[in-house]
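Protein chains: 6
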Amino acid sequence: MRPNQRANDQIRPVKITRNYTKHAEGSVLIEFGDTKVLCTASVEEGVPRFLKGQGKGWVTAEYSMLPRATNTRNPREASKGKQGGRTLEIQRLIARSLRAMVDLQKLGEYTITLDCDVIQADGGTRTASITGAAVALHDAMSYLLNNKKIKSIPLKSMVAAVSIGIINQQVLLDLEYSEDSVADTDMNLVMTDDGGIIEIQGTAEGAPFNLDELNCLLDTGKKGLLELFQAQKNALNNAI
Amino acid sequence: MRPNQRANDQIRPVKITRNYTKHAEGSVLIEFGDTKVLCTASVEEGVPRFLKGQGKGWVTAEYSMLPRATNTRNPREASKGKQGGRTLEIQRLIARSLRAMVDLQKLGEYTITLDCDVIQADGGTRTASITGAAVALHDAMSYLLNNKKIKSIPLKSMVAAVSIGIINQQVLLDLEYSEDSVADTDMNLVMTDDGGIIEIQGTAEGAPFNLDELNCLLDTGKKGLLELFQAQKNALNNAI
Amino acid sequence: MRPNQRANDQIRPVKITRNYTKHAEGSVLIEFGDTKVLCTASVEEGVPRFLKGQGKGWVTAEYSMLPRATNTRNPREASKGKQGGRTLEIQRLIARSLRAMVDLQKLGEYTITLDCDVIQADGGTRTASITGAAVALHDAMSYLLNNKKIKSIPLKSMVAAVSIGIINQQVLLDLEYSEDSVADTDMNLVMTDDGGIIEIQGTAEGAPFNLDELNCLLDTGKKGLLELFQAQKNALNNAI
Amino acid sequence: MRPNQRANDQIRPVKITRNYTKHAEGSVLIEFGDTKVLCTASVEEGVPRFLKGQGKGWVTAEYSMLPRATNTRNPREASKGKQGGRTLEIQRLIARSLRAMVDLQKLGEYTITLDCDVIQADGGTRTASITGAAVALHDAMSYLLNNKKIKSIPLKSMVAAVSIGIINQQVLLDLEYSEDSVADTDMNLVMTDDGGIIEIQGTAEGAPFNLDELNCLLDTGKKGLLELFQAQKNALNNAI
Amino acid sequence: MRPNQRANDQIRPVKITRNYTKHAEGSVLIEFGDTKVLCTASVEEGVPRFLKGQGKGWVTAEYSMLPRATNTRNPREASKGKQGGRTLEIQRLIARSLRAMVDLQKLGEYTITLDCDVIQADGGTRTASITGAAVALHDAMSYLLNNKKIKSIPLKSMVAAVSIGIINQQVLLDLEYSEDSVADTDMNLVMTDDGGIIEIQGTAEGAPFNLDELNCLLDTGKKGLLELFQAQKNALNNAI
Amino acid sequence: MRPNQRANDQIRPVKITRNYTKHAEGSVLIEFGDTKVLCTASVEEGVPRFLKGQGKGWVTAEYSMLPRATNTRNPREASKGKQGGRTLEIQRLIARSLRAMVDLQKLGEYTITLDCDVIQADGGTRTASITGAAVALHDAMSYLLNNKKIKSIPLKSMVAAVSIGIINQQVLLDLEYSEDSVADTDMNLVMTDDGGIIEIQGTAEGAPFNLDELNCLLDTGKKGLLELFQAQKNALNNAI
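Residue numbers (the UniProt record's numbering), protein chains in the order written: chain A, 1 to 240; chain B, 1 to 240; chain C, 1 to 240; chain D, 1 to 240; chain E, 1 to 240; chain F, 1 to 240.
In isolation and in its complexed conformation, chain A is listed as follows (with noise of 0.2 Å):
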C-alpha cells in the first residue's frame, strides 16, 4: 500500500497559489504533496547573443534546491562554486520543456527566465517545477500582454509533467521519495494539453522495462497529465 491511502494511479494533493512573491512578473508556489517549488518568472528586453536580430523571443531556466529541502543538508552550489549535472540536467528540461508552450516568434525580443527554487523536496522537484513553471510563465505573457507589450498571448498550449515509477512491478503515478529511491524504472513525461508528448525520459533503476511497460506508464502518466492540466486552468482561472 502506497503512503497515505494513495491508489497506483493516484497523484497527490496539488495545490498552485499565484502571486506567492510580489516582485517577479510571475510567481507561484506549487505543492505536489510535500514537494514545495517557487517558480518564478523574470522578463527581461532582449535576448541572448545568439539569437540578437531575429525578432523572436527566448525561455529560459534556473533550478535550484534550498539546501535544507531534503532530508540531509546537501552543501549549497553557490559555496561549491559550481552547479551539479543533476542541477544542470534538470534546468535544461524545464527550459526545452517551457520552450515548447512559447511561440517565440510572436514572442518578440523579450527573453523569461524561470526560477524553480525547490523549498521542500519529497520526489517530483522537476515535474512540480515544470507544471508550476508552465502558470507563472502564462502570467509573465499576461503582464507583457497588460503592458502592451506584445498584441496577444503567445501560448501554444500549456505544459505540464508527472512522474510514473514501477516498483514490484506495479506502476505508481507521481512518485513521493520514499518510493523514488526504491523504484525499478523512473519515467518524466512531459506533454501538452492537447495531447502531444514534449519530452519522456525513462531510466531503468534496477531491472530494464519492456515495451508493454512503457505502455502502462504512458498511459498511468496521461492519466495524471490531465488532473494537472485542470489544477493549472483552476489556478489560472482565479482573479488574483
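No wet-lab data here; the hints were simulated from the structure. Among the hints, erroneous ones may be present.
What the hints assert, rightly or not - Covered, in the sense of this in silico footprint (three residues per stretch, anywhere, with C-beta under 8 Å from a C-beta of chain A), are these stretches of chain C:
1. 82-88
2. 202-209
As the list claims (entries may be wrong) - When the alpha-carbon atoms are kept at most 25 Å apart in a straight line, the in silico SDA-like pairs for lysine to any residue are as follows:
3. Lys82/E x Thr87/C
4. Lys223/A x Gly195/A
5. Lys80/A x Glu44/B
6. Lys22/C x Arg86/E
7. Lys22/D x Leu236/D
8. Lys82/F x Arg86/E
9. Lys22/F x Lys222/F
10. Lys151/F x Val43/F
11. Lys80/A x Gly85/C
12. Lys106/B x Ile150/B
13. Lys82/C x Glu89/A
14. Lys148/C x Met158/C
15. Lys148/A x Gln105/A
16. Lys22/F x Asp34/D
17. Lys156/C x Lys223/C
18. Lys52/F x Gly84/E
19. Lys52/D x Arg76/F
20. Lys15/C x Arg86/E
21. Lys52/F x Leu144/F
To be verified - For each label pair, taking beta carbons as the anchor points, the in silico distance ranges come out as:
22. Pro13/E x Lys22/D: 54 to 64 Å
23. Ser142/E x Gln170/F: 33 to 43 Å
24. Ser152/B x Gln5/D: 40 to 50 Å
25. Gly46/F x Lys222/B: 50 to 60 Å
26. Asn74/D x Lys223/F: 51 to 61 Å
Even glycine gets a Cβ: it sits at the ideal position worked out from N, Cα and C.
Got chain A; can you put chains B, C, D, E and F on it based on the hints?
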C-alpha cells in the same frame, strides 16, 4: 511620512512561523513586513577540522537571495560560480551573531548550520535573518535535548537584530528598501535580550554622522529590539 | 532522400576497433559513419566514498568533444573552467547506461571509468559513446578476469544505444548531424541485448509527437540496435 | 602591561612613506608598529558599467595578505581560486571608507583603485590600509591635477581608521595581534578629520559590551585618530 | 641499449597523417613511435582584442592529454575546473614556436588556433605537438590561399621540435617515456628548417650539466630535426 | 647606449636584504635595479601526498606580482579566480631551480615553500626571484639546523639566475623592462656556483638565433652569475 503611516521608531509587522518546512531540525519563516526569509537549522555530528578533539561545538551560517527576491532579477551565484562579497559579509555577520547565543562548550561536538534564504526582499534581510535564525537555532537545540544528545539547552541569551538609519536628519527604525536605498546612514545592531551589544555596524552612505546621532540610533534600535525579543518569545512559547 | 542513399531505417556503417590505444584496460574506437569516438575503460582499485565498505564496484563515465570535432571550433571546457550542461547530461546518461550492464556486487571494490572523447562529430555522439564504451567495459572486465582479480565477468547483458528522429513526418534511424539539426523529434534509446529498455529519452524539438509516432520510433530503434549488438559481438569475437 | 610599555590609549609608532614604488600614481607604505601595508592608487580612465555616462568617478579597493605576512603561512588566494570572505569584507570596508573622502561628481569619469597588500601583519591591517590608502588616494588626485585632468582636488575630507578593543575590562587603542586575538570586543572606527563618523564596526568576540563601554571605545578611538590625521598631514606636507 | 635497439642519435619512426579529421582547416595525426597527437588548425576571422585594428594575424595553441593517454588515468582538467601548470606551460611553448613560422603581418586579421590533443603518450608529446602542428598550420594557410583570403602563404620557415636528454652520461635523441622519466637532463629544441633556433629549454632533473654536454645535446638535436623536417616535407608533398 | 650608461655585460646594482619581514623562516628582499622581489621561505612539517613515507623533503615555490608592480595595473589573479599561464610557468621554473640546490633526502620530511612576490617590476623578475629565494631557502635551512631539526644544512650548491638577450645583434646582460620588451632573443640561465647548468631557457621573440649567438649568450650570462653568487655570499656572511 513613512510608507504605511509607520512612526519613525516603529518596526514593521513581524511574523515568525516555526516548522515552516519538515526536514530541518529548526525551520522558521520570518517576515519583517514584505521581507521574508526562510531560516533552517541543520544539526550534524562532528565539527570543522580546526575544532576537532576539543569537545566544543560550532555554529555557522550561509545566506542567499533567490534570484527574483528583488525588484530586478539577480544572476544566481551558483551559476556565476562564486558567492559575492555582500553575501559573504552577511553570512559572516549572521554566524558571529548566532555563535554569541550558544555556549559552544556545552553544545558538544555538533555543528549547527543556519541557512538563511531570502524568499522576498524589501530591506533588512540580514536583520530578519539573524532574528529568525535565532529561533531556528533554539529549535535545533531543543531537538538535541529531546533526543538526549545534550542535557540542557546551552543558551547564553537570545539574540536579535534590527536596522536603523538616518534620512533627512530623521532617525528611522527598521528601514524598508525604499528607505534603505536613500539613507544617509545605515546601521545594523545585534543585541542580546539582556541588553548586551553583540555587533554594531554603522556606515555613512552619504554625509558622516556624529556621536549624538550615533546615540540616537542606538536608543531607537534598542526600542525595536525589545519588540523583536518579545516576538521571538511568543513564537517559542507556542506549541508546534 | 537521405545522404548516401541511406534507407530511413538503415544505420550508418559501424566500425569498432578494439585496442586502439595501448595503456587503457579497454580501448575502443567506434565509428558511426563520420562520427568517431575513442572510448577507454580505466580500472582502479577502490570505490567512491559513498560506496566504501559495501563490497560493491562502481562504473562511471566522462564525455568530451575535442575542440575541432565539430564544424566550427568549440572553446575547450578545461580552458573555460567548467563542463557545460550538455556535457554533464551526456556523461550521466553514459554512466547510467553502462552501470546497467554490470553486476556491481560481483565486480567487487573496483571502479571502472569510461572516457568517451569525440574525435570527430557528425551526429549521434552519445549513442556511439555508449555502444563503444560497452565494448571497452567488457574488455576491462576481461582484463580483471585474466589478472585473476575476479572469478567471472560480471556481465548482466550487453548494452547499446541508437538515435531515432522524425523529420517531415518520416521516422529516421541513426541521425547524422545534417538531419539531427532539423529534426522535429529526437530520441535516444538504450537497450540490452535481451530486449530490455535501459533508457529512453525523447524530445520534441519542433512539434510534439504522439503515441503512434513514439511506437514507430521504438520499433525503428530496436531494428538498429539489433545490428549494433551484432557489431559488438563481432568485435568481441575477434582475437586482438 | 601592554607590549613595549604602551599606554592603553597610545597608538603604535606610525610611519608613512610616500612614493614607495615608482609606477603607481600614488604609492604609500604605511607602518603601524610591525604591521606594514603597501597601498597603491591606480588611475584609469572610464568608470564601471553601472556609472557610465553620469559624469561621475569611482573609487574602489582590493586587499590581500602576502602568504607569509602572518606567523604561519596562509595559502595564496590566487592559487585557491577565490578570495575568502574576510578578504572581501575588508576590501568592501576600505572602498566604502575612501569613497567618503572624494566628491565623485568633481572627480569626473576616472576610476581610482586602491590596492592594499599586507607585507607584514601584526594586527590592525584593515585600519592601516584605510589610513595609508587615504594618502595614496590623495597623491593620485594630485597626479590628476598636475596633469590637468581635473581643476582641483575633489577632497571632501581626509579619512583615517583605528582599532579599539576591550581586554579584561580595559579599553585599549590600536591592538596588535597578541592583543587582538584575545580581545573580548574588537572595534574599527573610521572617521573624517573634521570629526564625522564614516564607519563603526564593533564585535563582541567574547562577552557582549554595553553602552558605557561603547562610549569609552569611541572616545579612545577618537584620540588615536587625531594622531593618525596628524601623521597623514605630515606625510603629505613633505616634498617627495 | 635503448628499447627497440635504437641508436643513441636515432629518432623513433615518425608518421604524419594529414586530413585525419574532416572539419578542421588543417588536421594532422603525428606519431613519434607510440606517442600520438592529433593537431588541428582552426581558422577564424578576427583577432584578439589586443591586436584589433593593426591588420595583423594571430597564431595560438591549446594542448591537452586525453585522460587515459598515459599509463595511469589522469583526472580530466575540464572536470577539475582548471588547466594545470604543465598544460599551460606546454601550450605557451607550442604557440610561441608556431608564431615564429608565420609572417603575421601578411596573414592579415585571421586567428589560427592549433589544438594539440594527445591520444597516446610515450614521451615527447610537446615536441610531437609542435612538429605536427606546423604541418596543420601549413595546411590552414593553404586553405586560406585556396579560398583567396590571402595572396600567398605567409610562411617564414618550417618549424620542428625534438627532445634530447642525458642518461648515464649518454646523450640520447628523442626520449621515450621510460627514458624521459630517468633522465638527468631533459632538453627540448625548436628550430627552423634554415638552421635558426626558436626555443631551447634544458633542465637538469638530476645532476647539473656543463657547456660541453650542452653542445653535444644541441648537435644531436640538430641531427634529429633534419629528419623531422624531411618528414614534414614528405607529408606536405603528398596529394591529399 | 643602455640606460644608466650600463655596459653590455654589466648587471644592474644588486641589493639583498635578509630578514626583511619577521615571521618567515627566511625572508629576503632582492633588488635588481628597480626590480624588487620579496622572497620568503616557509618551513612546514610533512610533505605532499606523493612523497609521504619516503623520508625525503620537498621544495616548492609560488610567484605573484602585486597588481601595480607594473606600469599599468594588472587585475589581481585572486580576484580573477585563477593564476595565469605566465605565473604558473614562472613558479614551476623557480621551484625546479631551487630543488636543485637541496639534497632532499637529507632535508627529511619538511616542505619549504618559497613565495616570490614582486613589489616592483622592471624586467628580470624571475631571475631576481630565483637568486633571492636561494638566500631565503638557505636561511630556512639554517633555521632548521639551529632548531636541531636537521644535523647539517643539506646544501648541494648555491643557485642563481640571470637573463641575457640580443638587441640589434648586441648581447646584453640582465635586461631591464625597456630592453626586454624589444629584445629579439630572451634567455634565462640558472646555474650552480660550481659551474653547472640547472636550466637554460632561450626564446627567439623576433629573429631566430644561431649557435654562435647562443654561446655568446652563455658566456655573458656566466659572467653575470659570478657577480650574483658573490652578492649572495656577501649577504649570507653578514650577521643579522
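Right, here's what the structure says about each hint:
Three residues within the 8 Å Cβ limit are the bar, and the segment 82-88 of chain C against chain A gives 5, so the coverage statement holds. Counting residues of the segment 202-209 of chain C whose CB falls under 8 Å from any CB of chain A gives 6; the rule of at least 3 is met. Distance check on the hinted pair: Lys82/E and Thr87/C sit about 16 Å apart at the alpha-carbon level, within 25 Å; holds. A threshold of 25 Å between alpha carbons decides the hint, and for Lys223/A with Gly195/A the separation of about 11 Å falls inside it, so the pair holds.
In summary, the hint linking Lys80/A to Glu44/B is supported, as the alpha carbons are separated by about 18 Å, within the 25 Å threshold. This hinted pair checks out: Lys22/C and Arg86/E have alpha carbons roughly 23 Å apart, not beyond 25 Å. Taking the CA atoms of Lys22/D and Leu236/D, the gap is near 17 Å; set against the 25 Å cutoff, the hint holds. A C-alpha spacing of about 15 Å is found between Lys82/F and Arg86/E, which places the hinted pair at or below 25 Å, so the restraint holds.
A distance of roughly 34 Å separates the Cα atoms of Lys22/F and Lys222/F; the hinted pair therefore is violated under the 25 Å criterion. Restraint check for Lys151/F and Val43/F: satisfied, since their Cα atoms lie roughly 16 Å apart, inside the 25 Å limit. A threshold of 25 Å between alpha carbons decides the hint, and for Lys80/A with Gly85/C the separation of about 17 Å falls inside it, so the pair holds. Between the alpha carbons of Lys106/B and Ile150/B the distance comes to roughly 8 Å, so the proposed pair stays at or under 25 Å and holds.
Between Lys82/C and Glu89/A the CA atoms are separated by roughly 15 Å; this keeps the pair inside 25 Å, and the hint holds. At roughly 22 Å between alpha-carbon atoms, Lys148/C and Met158/C fall within 25 Å of each other, so this suggested pair holds. A distance of roughly 17 Å separates the Cα atoms of Lys148/A and Gln105/A; the hinted pair therefore holds under the 25 Å criterion. Restraint check for Lys22/F and Asp34/D: satisfied, since their Cα atoms lie roughly 9 Å apart, inside the 25 Å limit.
A distance of roughly 21 Å separates the Cα atoms of Lys156/C and Lys223/C; the hinted pair therefore holds under the 25 Å criterion. Pair hint Lys52/F plus Gly84/E holds up; C-alpha atoms about 22 Å apart against a cutoff of 25 Å. At most 25 Å may separate the alpha-carbon atoms for a hinted pair to count; Lys52/D and Arg76/F meet this at roughly 23 Å. With a C-alpha separation of about 35 Å, the suggested pair Lys15/C and Arg86/E falls outside the 25 Å cut-off, and the hint is violated.
With a C-alpha separation of about 20 Å, the suggested pair Lys52/F and Leu144/F falls inside the 25 Å cut-off, and the hint holds. The hinted window of 54 to 64 Å between Pro13/E and Lys22/D holds, with their beta carbons roughly 56 Å apart. For the pair Ser142/E and Gln170/F, the beta carbons lie near 38 Å from each other, so the given range of 33 to 43 Å is met. Roughly 46 Å separates the CB atoms of Ser152/B and Gln5/D, a value that falls within the hinted 40 to 50 Å.
Take Gly46/F and Lys222/B: their Cβ atoms lie about 51 Å apart, and the range 50 to 60 Å holds. About 40 Å separates the C-beta atoms of Asn74/D and Lys223/F, a value inconsistent with the hinted range of 51 to 61 Å.
Checked against the numbered hints above, the structure breaks hints 9, 20 and 26 and satisfies the rest.
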